[in-house]
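Enquirer: Protein chains in written order, with this note's numbering: chain H, 1 to 661; chain W, 1 to 661.
A few of these clues could be false.
If chains are identical, the list can't say which one is meant, so a pair holds when it fits in one copy or spans any two.
Restricting the straight-line Cα-Cα distance to at most 20 Å, the calculated cross-link-like pairs of lysine to aspartate or glutamate (DMTMM-like) are [stated by the list, open to error]:
1) K277 to E654
2) K342 to E472
3) K341 to D104
4) K364 to D4
5) K37 to D20
6) K107 to D306
7) K277 to D61
8) K342 to D112
9) K364 to D262
Please keep in mind that the hints were generated in silico from the structure rather than gathered at the bench.
There are 2 protein chains.
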Amino acid sequence: MPFDDGRRRVVIREVEPEIDAGRYAIKRTTGESVAVKAAIFADGHDLVRGVLRYRHESETDWHEVVLDSLGQDEWQASFVVAQLGRYLYTVQGWVDHYDTWCRDMRKRIEADQDLSVDLLVGAKLVREAAARASGSDAQHLAEAAAAMASDRSFTARALVALEPALVELVQKYPDRARQTSYDRELAVVVDRPKARYSTWYELFPRSCASEPGRHGTLQDCIRRLPYVAAMGFDVLYLPPIHPIGAAFRKGKNNAPAAEPDDTGSPWAIGSEAGGHKAIHPQLGTFDDFQALVEAAKSHGIEIALDVAIQCSPDHPYVTQHPEWFRARPDGTIQYAENPPKKYQDIYPVDFETAHWRELWEELKSIFTFWIGHGVRIFRVDNPHTKPLGFWEWAIAEIKRDDPDVIFLAEAFTRPQVMYELAKRGFTQSYTYFSWRNTSYELTKYFTELTHSPVCETYRANLWPNTPDILTEYLQNGGRPAFMARLILAATLGASYGIYGPAFELCENRAREPGSEEYLNSEKYQIVHWHWERGDSLSELIARVNAIRRDNPALQTDGDRQFHETTNDQLLCFSKQAGDNLILVVVNVDPYHTHSGWVDVPAARRESEPDKPYQVHDLLSGARYLWHGDRNYVELNPQLVPAHIFRVRRWVRSEREFEYFL
Amino acid sequence: MPFDDGRRRVVIREVEPEIDAGRYAIKRTTGESVAVKAAIFADGHDLVRGVLRYRHESETDWHEVVLDSLGQDEWQASFVVAQLGRYLYTVQGWVDHYDTWCRDMRKRIEADQDLSVDLLVGAKLVREAAARASGSDAQHLAEAAAAMASDRSFTARALVALEPALVELVQKYPDRARQTSYDRELAVVVDRPKARYSTWYELFPRSCASEPGRHGTLQDCIRRLPYVAAMGFDVLYLPPIHPIGAAFRKGKNNAPAAEPDDTGSPWAIGSEAGGHKAIHPQLGTFDDFQALVEAAKSHGIEIALDVAIQCSPDHPYVTQHPEWFRARPDGTIQYAENPPKKYQDIYPVDFETAHWRELWEELKSIFTFWIGHGVRIFRVDNPHTKPLGFWEWAIAEIKRDDPDVIFLAEAFTRPQVMYELAKRGFTQSYTYFSWRNTSYELTKYFTELTHSPVCETYRANLWPNTPDILTEYLQNGGRPAFMARLILAATLGASYGIYGPAFELCENRAREPGSEEYLNSEKYQIVHWHWERGDSLSELIARVNAIRRDNPALQTDGDRQFHETTNDQLLCFSKQAGDNLILVVVNVDPYHTHSGWVDVPAARRESEPDKPYQVHDLLSGARYLWHGDRNYVELNPQLVPAHIFRVRRWVRSEREFEYFL
């Protein structure tokens, strides 16, 4: 028989959360909880009990939490993850004979039946519990068992048996000899809170010089930190800072040939000055980099580096490790291609090389090198064009030593691949947000992201623009469009970022009609920005980021809900954390004022349906008294195209004093 | 590194159907197909291909079917199960470099690029395919490779490369050295068609005597076969035919004490005349049983036996194997209980006995004993009160030798447990149909049963009544209620059954108000039925069963769809198999005539929206010409409370002749 013990009668199914049959871990940040559900049942009418078991990978013993019944064989319990790293969790269940006996006993008493033999059955169960217990518990149990089997009246003996303290004591020593363990141990990867809540600013250091014409440096970048900090960003992400290749260098606006003074693309990594572990000489030295990391830290900002696994033809790897590149039949090396487009300034590494083991180790060492220089956040360029198995291995290896490292996946590809990258270990992910403009599109997409299984592994980081993405919406919608997209990104997403100062200066000139490329893109040239221009959105951004900082509801995506409105151009949603409830209404049409009614169900407000509640617009400071589920809003995109309301609930205190929470 | 080969770039996910991460098999009957879907993708932009692999458990080699792309990384293929037993299926996928090369080549040609090196790359891929091929294929491939690498014009060489016959030939010899196999092999249990489509009649042999007062016999039962066959049933299910215990025997109407002439319940199994492997002496001998099995067969009927794992106190097991029963502290054996109810005439076996292995073997041998006597169908009494692991083991063991055996689970308990019994191996299952009366209830419940994962393992067998279940609906609704429930059971379910002749004689007297027990139930006494009563529903039943036999759509539940009606009392649904489309409309109110409009979407009819179609009422023979999606019906429950329409589509033949299919 294939059974070790056919007497294991309990069945455990439908354990959630569980991703792809336990193949992948779910994600949490320290302090968050994992709510676990399971179906637990046995044959017949006996009662079952169960526990949720969990442990940090560094622990050997399991912690146990008793599961609560939700009815219909569903059970639930939760645990809080306090430590970085990986936790494991699983479920066990068993038939509880004493619980069953007590239930039946009450029915027998009700029916006034003879209890003589049944009391002896119960006494035996309590005696067995006594044998599993020790100390005073064992003694109490033994005494109770003796009393139940004594010659006292049925009533007296039944009272002993059903006494809540005794029932609890018996439950403390259950007979788990024939318990069932769930088939699998499931994992949670626990990150630091910034994995969940982060505010990114992307900037090209070479454009940071205060005077036009000069190549900016890391020191110039340090001088920009107060500007970035004033807007409330906590991650400063730099495009690649490595030496740039000269071979096939692209000119301004991606011209096929560079002029002598053209700077080249930072993503054409590597020259005789070094590769992924070097700093572009014109940007500065490792001392400068160290200074930048420390100065940023003093402003509450972390430096995030870009890791783009690709090489310029001048990269040292090309000569030192030709076996990591694909040779063409004519003896040349295969450059990057997306036929008919050719990128001769870039060599992809060949993950199908027979020397993949050495290649993987070297690529991993790029991350550990920069970790050694104080970097804890990486934005990974096009991870979807590298094998998924590589990322799973590299991220796990790196996080084993440094569980606080954050990896942002810059993949814009099919949903399956984007979600798979998150499952394989990426901490955060770029999204389709940039191209979701209408209420319908935003509601549909973010509803998908809010629900299981996606929400368990995929943490969205929302970018209204990037150096590669100047959307049609921004190109045409002008300043109102930039305001709307900023507020949407910052409130829909607990993590978001902008590419600046192009964003706050509302830079919207495309290279040509129909293109999402910037005219005179910083990818190919130094740009001298007028950082302090009077029409900059920097103050709005600072205000929005301050609102994020003050409102825990905006620091999580777990509880995002969309609400009905009577006008398609008004998007309404809310987020909640504890008693912090934020309601956002955005006019997504940058051209016209829109008005309408928005629905905020009483259940969401947790308020008495007939009582007023206050909505406090954290952008304008205005406070409105609202009644009922449906209220009126009007938004002029030329002013501010959104409300970010804190909903203050009506509360009656113990002393009959009414106020808004 | 935990990878055997990091160059396996393909990922396979979301393989369907898959039950509980492959823990359980899905079910099919011979001749049915298994449609398998999977998400298959790789990093980057390379094209992938894949195969569905399957084999019967008796085969060692896999069959392969090429997967078709559904877009968005979804793939699909199917295979037909021809043999009884178990099949395994899984999926493999790989990067197809030649497919990818061809796609890129077309773009390069389009852009009028230099092709010299790329043609050499392609030639190498074809040369590699040649090395994997043999015979003339190898030669063709080698020649093509040579042509592609020749000094002829780009155009000539590209034409060779992209020639469909060559592309197909290269695909015939793919490079699968670094393919990915799906993590799991999944199973299908293949039953005979009767597992899917069966028509059951339950009857107490002891009530089959032609004259009142006499205990009926198996020979009387043989004489009843023409009656059963005339109604179109193909399974005759007998309650237990074993010796009945005398100890604590229940009297008529479940009276606590029996009168001397009371016959006892057939479910109180076992006396000094024997147990589960004996026949009640008053019913006859093994020769009689053999004669019954053979006579039934000649009428196209199979005998199904009831297996109730429980014993009367007089069962030989009780004295031979006291270790299989639970002893009470007073030395007595634990009788069946559902406190405060006591069933002292029945001892449950104790599945928590230390001797569970011997117990399991003996219980299994009950089935194999009767299989040896020609029985291939078992109705299992209360399987949910026996461990699920026991059923999984016993059914698998029995079906390994006799894969044509059918097990019907008589479990009325919580959904989790009912579905789990099906997953563990039960071929068919009783349902909640008996208590689903309104359109809303029926639509909701049968929609759940029609969809994955339930439909993959749980085959419903619908019973409007049983000896234990005389529903309130039948008690109060009279003859119209019996007609409606008969038609619902027979058309909603490819398998259904009735307990007769109580059903066809519209027996609706309950033991007492509020009870679902029959008055003077056959469970406790012999009943003399007036089989041939003029108001019997036997003719309607015969008609309905003939309609089932003639219409493949009613022999499967796979494609059951519910349709909107304008009247809540009119339930409308359809089933389809090939070009056989059956539309059923039932008035579920047994008291009043109802009329309204029913919606039959054009997509379901597969007809041109503006063309008429014919609905042919197979019950009355009437034919109606309907137009559009919405048509009028009116049903008087006193006449026949339903239409069973065959929908005949309007067809224009090649010769411009219009007719109904």
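Enquirer: Does each hint hold? Answer for all of them.
Expert: Status of the hints after comparison with the structure:
1. K277 to E654: neither (64 Å within a copy, 73 Å between copies)
2. K342 to E472: neither (25 Å within a copy, 77 Å between copies)
3. K341 to D104: Answer is between: at 10 Å across copies they meet the 20 Å cutoff, but 77 Å inside does not.
4. K364 to D4: Result: close only across copies, 18 Å inter versus 44 Å intra.
5. K37 to D20: both (16 Å within a copy, 15 Å between copies)
6. K107 to D306: Answer is neither; intra-copy 69 Å and inter-copy 31 Å both fail.
7. K277 to D61: For K277 and D61, neither the intra-copy (41 Å) nor the inter-copy (51 Å) Cα distance is at most 20 Å.
8. K342 to D112: Only across copies: K342 and D112 sit 13 Å apart there, 90 Å inside one copy, limit 20 Å.
9. K364 to D262: Answer is neither; intra-copy 31 Å and inter-copy 84 Å both fail.
Of the numbered hints stated above, those contradicted by the structure are hints 1, 2, 6, 7 and 9, listed in ascending order.
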